[in-house]
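Take the sequences, apply the hints, and build the full model.
Keeping their order, the protein sequence lines are chains A and B.
Just add 81 to wherever you are in the first sequence, counting from 1, and you've got the working numbering.
Just add 814 to wherever you are in the second sequence, counting from 1, and you've got the working numbering.
Everything labelled a hint here was simulated from the structure, so no lab data went into it.
Mixed in with the good hints there might be a few duds.
Short derived list, chain B residues pointing at chain A, Cβ under 10 Å [to be verified]: (1) Leu820; (2) Tyr823; (3) Arg825; (4) Lys829; (5) Ile832; (6) Gly834; (7) Pro835; (8) Arg850; (9) Leu952.
Heads up, the beta-carbon is just placed ideally off N, CA and C, and yes, glycines get one too.
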Amino acid sequence: MSSSFAILYSTYLKRIYSTCLMILKNHHLAEEAVQESFMRAYNNMHELKDPAKFEAWIVSIATNCAIDLYKTNQKCIPIADNEVLDYFINQCTPSTNEPLEQLEKLEVSKEIHLAITKLTPPADQILSLKYYWDLKDKEIAEILQIPAGTVKSSLYRAKRTLSRVLPGINKDYLKLTQGAK
Amino acid sequence: MNEEQLDKYIRNSLKLMIEGPVPIDEKKMWEDFLKRLEQQQELEKRKKRKQIQKKCLTALAAVLILTIAPASFLAPNKVTAFKEDIYQFFFRNDNETLIKETVNPPVNNGEFKDITFEKAQELTVFQLKYPGFLPLGLNSQPRINVSVKEPPLAQVEIIFRQDDKYLNFGQKTNLVSKKSNIHIPKDTAVKKELINNVEILFIQKDNFLSAFWNENSIHYTMSCQNLDNQDIIKIIQNLK
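Now the structure itself:
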C-alpha cells in the first residue's frame, strides 16, 4: 500500500462519506459505500490516466457504489431518516470574524438543509454532483448512466422544490442585509 | 429570487452539509480499509492458485490422453453408427486438438474390380484386414475386387498370384448368422486350429488349402494353392 493512496484516502474520506450519506441516508451503508469506493479506486488506479482528475473519478465511483447499495437495500433496510436529517440539519456554520460572511452563513437555514436531505435519487445525487463537485451535466449523465435531458429536468424539479422553502429565508436575509447597511 | 441566488444558496448549503464534521473515526476506517484490502488480495491469491491447479490438472489429463491413446486419437478412425457410417478424425493442430466428423458417401450396388485398398475400404463399412506377412514368391501387388449387394453387405477379395502360387483372401459382412454345408470331397484333410484366439477351419486337398473363420460378424476365407501350410498360418497370424 503506497503512502500516496493513504493521503488520497484521508483527503477525500469525509467528503465522500457525506456524499454517500446524502444518497443512502444511512450511516452504515454510507460507510460501506465509502470503503467499497476506495477499494475499487485502489484496484483500478491504472485506469486513471490523468491524476488531476482523481477527484471527479472517485466521486463517480462513490456515487455509483452508493446507487448500487441504495437499489439493493431500499426495500429491506430501514433508512435512518430522522438521524440523518438531524445530522445534516445541525451541521454548524464554520466560525468567522467577517460580519458579512457571518450574515451569508445565516441564510443557510435548517429549512434548506432539510429540503435537500429530503430529495430522492437521482435529484439529490445530481444536486451534489453539480453544485458541490462542480461536474458538468454531461459528466453527471455519464456517471449516473442517464440521458443528459434527464439530468436537466431532474435539476429543474429539484431547484423548484428548493425555491419553495427559500422565500422565507430570502426575506430574513434581505432584512439582515438591509439592517447591516 | 433569481436563478443565481438560488444556485448560491444550494452551493453554500451543500458545502456545509458535505464539509461539516462527520460521525466517523478516520483512523478506524483506514484500518478497516487495509484489512478489507488484505482479505481481497488473499482471496485473489486463492483464486489464482485454484486456476493454476485447474490448468495443471487439465494439462495433465491432456498429456495422459495423448500418451495413452495416441494411435486411436491421432490416427483417423472409422466408426460405424447404426445405419450411418461416421468417420471421426482426431488430429492435432499447432496448439489444439481438432475433431472432424464426416459421413460416408452413399454406396450403390455393383462390382468394383481392380481397385485400390483405400477405395475398397471406402466401399465397406467394416475395417478391412490386409496380410502383414507374405511368403517369398508372391507378388505383393494384389488385385482387389469388391462386390456390393444392398449396402452395408459387401464382399471383398484380395488376390495375390505369381507363377503357380495363389492366395485369395476374402472378407464379407455376415450380419445375419446362418448355417451352411460345405461339400468335402474324398481324400480331404479337415482340421480346426486356434489362431489369435479364433477357431479356424482348415480344409486341405492335394496342394489346395482353404481356411474359414468368423470374427466380429465378418466372414473370412483364405484359399491358397502351392503355399506352405506354415506360411498360411503365419499369414493369418499377421493379418492387420
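Checklist entry - Under the criterion of a CB-CB separation shorter than 10 Å, is lysine 829/B in contact with chain A as hinted? => result holds, 7 Å
Checklist entry - Are arginine 825/B and chain A close enough, Cβ to Cβ, to be under 10 Å, as the hint says? => result Cβ of arginine 825/B sits 5 Å from chain A, so the hint holds.
Checklist entry - Does leucine 820/B meet its interface restraint, that is, does its C-beta lie within less than 10 Å of any C-beta in chain A? => result holds, 6 Å
Item to check | Restraint check, 10 Å cut-off on beta carbons, for glycine 834/B near chain A | outcome: holds, 4 Å
Next on the checklist: Less than 10 Å between beta-carbons is the criterion; does arginine 850/B satisfy it with respect to chain A?
Outcome noted: holds, 6 Å
Checklist entry - Taking the least C-beta to C-beta distance, is proline 835/B closer than 10 Å to chain A? => result holds, 8 Å
Item to check | Restraint check, 10 Å cut-off on beta carbons, for tyrosine 823/B near chain A | outcome: holds, 6 Å
Item to check | Hint status (Cβ of isoleucine 832/B to nearest Cβ of chain A, threshold 10 Å) | outcome: holds, 4 Å
Next on the checklist: Quick check on leucine 952/B please, does its C-beta sit within 10 Å of some C-beta on chain A?
Outcome noted: Violated, about 76 Å.
Hint 9 from the earlier list is the only one contradicted by this structure; the remaining hints agree with it.
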